[in-house]
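Visitor: Now for the letters of each chain:
There are 4 protein chains.
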Amino acid sequence: MTFPSPLTGVVPPVCTPLTPDREVDVPSLLRLVDHLVEGGVHALFVLGSSSEAAYLRDRQRRLVVESVVAHVGRQLPVLAGAIDMTTPRVLDHVEAVTAAGADAVVVTAPFYTRTHPAEIARHFRLIAAASPVPVIAYDIPVAVHSKLPADLVLELAADGTLAGLKDSSGDLAGFREVVTGARGLPRFSVLTGSELVVDSALALGADGAVPGLANVDPHGYVRLDRLCRAGDRERARAEQERLCALFKLVGAGDPARMGGSSSALGAFKAALHLRGIIDCPATAEPQVPLSPEETERVGKFLAAAGLL
Amino acid sequence: MTFPSPLTGVVPPVCTPLTPDREVDVPSLLRLVDHLVEGGVHALFVLGSSSEAAYLRDRQRRLVVESVVAHVGRQLPVLAGAIDMTTPRVLDHVEAVTAAGADAVVVTAPFYTRTHPAEIARHFRLIAAASPVPVIAYDIPVAVHSKLPADLVLELAADGTLAGLKDSSGDLAGFREVVTGARGLPRFSVLTGSELVVDSALALGADGAVPGLANVDPHGYVRLDRLCRAGDRERARAEQERLCALFKLVGAGDPARMGGSSSALGAFKAALHLRGIIDCPATAEPQVPLSPEETERVGKFLAAAGLL
Amino acid sequence: MTFPSPLTGVVPPVCTPLTPDREVDVPSLLRLVDHLVEGGVHALFVLGSSSEAAYLRDRQRRLVVESVVAHVGRQLPVLAGAIDMTTPRVLDHVEAVTAAGADAVVVTAPFYTRTHPAEIARHFRLIAAASPVPVIAYDIPVAVHSKLPADLVLELAADGTLAGLKDSSGDLAGFREVVTGARGLPRFSVLTGSELVVDSALALGADGAVPGLANVDPHGYVRLDRLCRAGDRERARAEQERLCALFKLVGAGDPARMGGSSSALGAFKAALHLRGIIDCPATAEPQVPLSPEETERVGKFLAAAGLL
Amino acid sequence: MTFPSPLTGVVPPVCTPLTPDREVDVPSLLRLVDHLVEGGVHALFVLGSSSEAAYLRDRQRRLVVESVVAHVGRQLPVLAGAIDMTTPRVLDHVEAVTAAGADAVVVTAPFYTRTHPAEIARHFRLIAAASPVPVIAYDIPVAVHSKLPADLVLELAADGTLAGLKDSSGDLAGFREVVTGARGLPRFSVLTGSELVVDSALALGADGAVPGLANVDPHGYVRLDRLCRAGDRERARAEQERLCALFKLVGAGDPARMGGSSSALGAFKAALHLRGIIDCPATAEPQVPLSPEETERVGKFLAAAGLL
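As you go down the protein sequences, you meet chains A, B, C and D in turn.
Mapped onto my numbering, the consecutive letters of the first sequence carry residue numbers -18 to 289.
Mapped onto my numbering, the consecutive letters of the second sequence carry residue numbers -18 to 289.
Mapped onto my numbering, the consecutive letters of the third sequence carry residue numbers -18 to 289.
Mapped onto my numbering, the consecutive letters of the fourth sequence carry residue numbers -18 to 289.
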């Protein structure tokens, strides 16, 4: 389908349900997609960090895009991550996900290597030149260990290299600089990756949000988005605070036993499993699974948020 | 060929020559391999960081391993990097490089994701269980943003998960802890990834070295290795200092224009080109090429080291 | 004077004007204080990071507090930083600044040492036990290299150790966790240290702001505070955006020649000098002074903001 | 006494024994000094990181220098740390410690502030210009969060600003660059701050070592220094490995309960207490004390090293 310009609203980074032997569980994935569409989301982002893209083999990545596009590709735009270390490898993913039907690609700065802003600019330009679909920059310093400078993003927005920014940096001041600077570029979409300050981001002019927690509670984020657009700041704040309380489920896993990805992604999947949306809460290797007690903790957060 | 146990000596991480349009230049690659073999190196490590593995497409990675194994696989052990973000993706590379003939695989901790020592241990155990060849851990915090703890390495050495360690952490004290702790494990190989303290590493008991600069001057590192093994510490130190002076070529690129990978890998390739070993000094995208002046600077370092 | 509970509104971290030979320029300091009071600010924070507290000798620190308290101590609360590496040294500063008349002290986590949340809690508890005035925690990871965890702040707020938080971490989501968690603690004051998202911080429930830029434009921040409290979100956003544009003056210094403190503090002082408020724009050693061209750049930002 | 030029040998950073109420325990301090002198050390470094300088009040710092200088100032050179955030504050410490009799001062890069190499150079030049005694640079990135670049150190060595370097960076390759570069500067002293690679550092040309563990086992480090100078590399390595095994006592404290400073400094003091040299193992606030079990663990390391 035609990619909206700018893209606005709630764009969940779709979790990738797995079978117990760590293959993509397509029926669960499609049920999750239905759950999101029914919740009113405005687009889908597959193969992002919350999708465990970093853990999926190439054939699994392809299967995810093909399955989701075939299922809802006519209803909703489908963005796909093309997450890899450098330009040539990203280009191979761009080719694969667009062949599979993605309407846009989402690309980070290079990682693993020691990079430089000039190289990051070159990276995005080469990818945009080769991509048949719009390119959205993905600013995620916790993963790639560099921050996209606001002036670089705005330069690449102005010259048409980038169609948008998904900002998972946690730096609202830098995000605001892009939002404000992109006012003269009405087709450029500025999206926050935060779960916790979506109301703030929309209030200062963001186009939308890409919250991982929207997998668990799409209705909540869609409600929040509507309240913000309607200018009902008080009810927006209350809804945001309910979602902030729910988000604490990402800390369910014991940090002495596992890393942050295991805990957060494990909790999202445990919640989807407890809500009956996916068949199995398994996360990809080498992540450590939540224990029964940790899963129970997730359930308590769901209950407190009225989701069980 | 049978993988030596332990692996010792000089094991260059082989640069990957590219054509001007960034395809693997196989004739240049084989000339480089001949240059290294003629220099007396003890094994070859392809698809490491100095090989630009992070920049090579999967089909290019496969071509490198196949070409090198076909050319010298009967003479020398060929180690291959299986560099990717997480266990499932690394396993696909392990399958590919061993199908292409690699004698051992070299694997980092997970990256991009927020990981934990328990997950790193799980990662190496799953890979070792699936790999048909020995697994060598690659400790490179500058790239993966976590450090392999010495006690974890020793635990995985003791239970047979790991056949060796390539330590590019720059932390000689931590390296020593592994060297000392592995004395009771005679088949475990402890290799330094440093160019600059090979003499120190060998003096405290390391089995060998994997210096990127050995692409440029394999004879120097082989000489250094022999002097160390012969106990001729003074001449070893002099040789090491000559190589330290040469190593400054990695700073040839202007840090205002490019990142550290562009400068260092660009300088290695410029040196190989100036020495007439490879046809083209191009590095992979999005790296910034050295300017003529920067290349000239590389030439001066070569001349000063008696290599031009 | 009695310390307000909670403290609300605009609390500028007061710059410390210096003479050309780097002594405290008391007349300029008092003119700056008058400018701030005339601008309508609600309290003053001396000896913070923007005050160059890290650069001031103990006798200079004392002189600053005494001078400001004597000048306006009956009109406005005066908070004073007690910035040092560890508990015993901070306690000496607490004694000095309270003897000089400070109404509250502002204290960071320990730095230089390798610390731990348990030690940070112990630090604040020991200081609160000894301090005759309220203690406000200062969360500034860019300086002290650890982040105050929200749950720790809330624990210390609940048990009465802390009277408030000044958050200069840039992490609005973590800030929100404290704001929300402190709702049941009406005497605890939550202040943002940001210049750029004051409107967002107040909208989610913050009590006030401590923006360094309020030295240059106190009227702007006081206006912003009033618009936010009046619920006039659109005009608040416009005022905030004007201040964001002005804040870019902190980048006036060339990063190839100087560090971020030199540039930002130098620009604040250049602006105060250009506006005729202080006699000399000198910053403390070893900071690099702005060049005439860089100072001219500061002037352009002032002119664009209608402040010249 | 005249400061040796260059300073060579073993220079322990002297622990500061405290009474149970955290005052300097002068009798224990002098017993510790006697123990070090009797062990054969070549100079003493008071008010370093291992001395808990970051935790000592100014009057305590002064008392330490005065007491040690009065006790052994005619026998041995006494170096004193002047550890503080910026130039003006460091200058006050320089004045205090030299008035108290220090023969040299040891100074880090600025910290807390966002600094720059140009500012670091300015910092050392201003301090050297004002100091009546030689200035030694202290490279300790774990505390100050910047690394002294080798070329900057060499520049400041060549122009006479610095009389030496104490390198606690853990980066032996960078250390080597200074050692090699300073060969033409025979009066400049290059000292490693490592406990674990003293043999390596001396082998590549270092002048001496400043190991915290030498508080506990001065005889061991003096023996190691002698073996290295005698060229007896095998016995030097064995002695170094014995000291490496002993050094593991710094991990006695549970990292879930305390930070690295509490554990390491607590273990040094517990060892000195167990050996009967100091009266009380207390560390300064807010450090967490070792538990009886953790202290017992320290005792086992001492016993294994033949020190109990």
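Source of the hints: derived by calculation from the structure; they are not laboratory data.
Small disclaimer: the values here were computed from a predicted structure and weren't measured.
Don't be surprised by glycine CBs; every beta carbon is placed ideally from N, CA and C.
A portion of the hints provided could be inaccurate.
[Said to hold, decoys possible] No farther apart than 20 Å at their CA atoms in a straight line, the calculated lysine to aspartate or glutamate pairs in the EDC-like style are these:
id : chain 1 : residue 1 : chain 2 : residue 2
1  : C       : K229      : A       : D132
2  : C       : K281      : C       : E215
3  : B       : K128      : B       : D152
4  : D       : K229      : B       : E274
5  : C       : K128      : C       : D152
6  : D       : K128      : D       : D152
7  : B       : K128      : D       : E136
8  : D       : K229      : B       : D152
9  : D       : K281      : D       : E215
10 : D       : K229      : D       : E277
11 : A       : K281      : A       : E215
12 : A       : K229      : C       : E274
13 : B       : K281      : B       : E222
14 : C       : K128      : A       : D152
15 : C       : K229      : A       : E136
16 : B       : K229      : B       : E277
17 : C       : K281      : C       : D235
18 : C       : K229      : C       : E266
19 : A       : K229      : C       : E215
20 : A       : K281      : A       : D235
21 : B       : K229      : D       : E277
22 : C       : K229      : C       : E274
23 : B       : K229      : D       : D235
24 : C       : K229      : A       : D39
25 : B       : K281      : B       : D235
26 : B       : K229      : D       : D132
27 : A       : K229      : A       : E277
28 : A       : K128      : C       : D152
29 : D       : K281      : D       : D213
30 : B       : K229      : B       : E274
31 : A       : K229      : C       : E222
32 : D       : K128      : B       : E136
33 : D       : K229      : B       : E136
[Said to hold, decoys possible] Where chain B lies over chain D, by a calculated footprint (3+ residues, C-beta under 8 Å):
id : stretch
34 : 134 to 147
35 : 192 to 204
[To be verified] Which residues of chain C face chain A? A few of them, derived with a C-beta cut under 10 Å, are:
id : residue
36 : L72
37 : E76
38 : T79
39 : G165
40 : L166
Visitor: Among the hints numbered above, which are violated by the structure, and what are their numbers in rising order?
Guide: Going through the list in order, the structure violates hints 2, 4, 7, 9, 11, 12, 18, 19, 21, 23, 24, 29, 31, 32, 34, 35, 36, 37, 38, 39 and 40 and respects the others.
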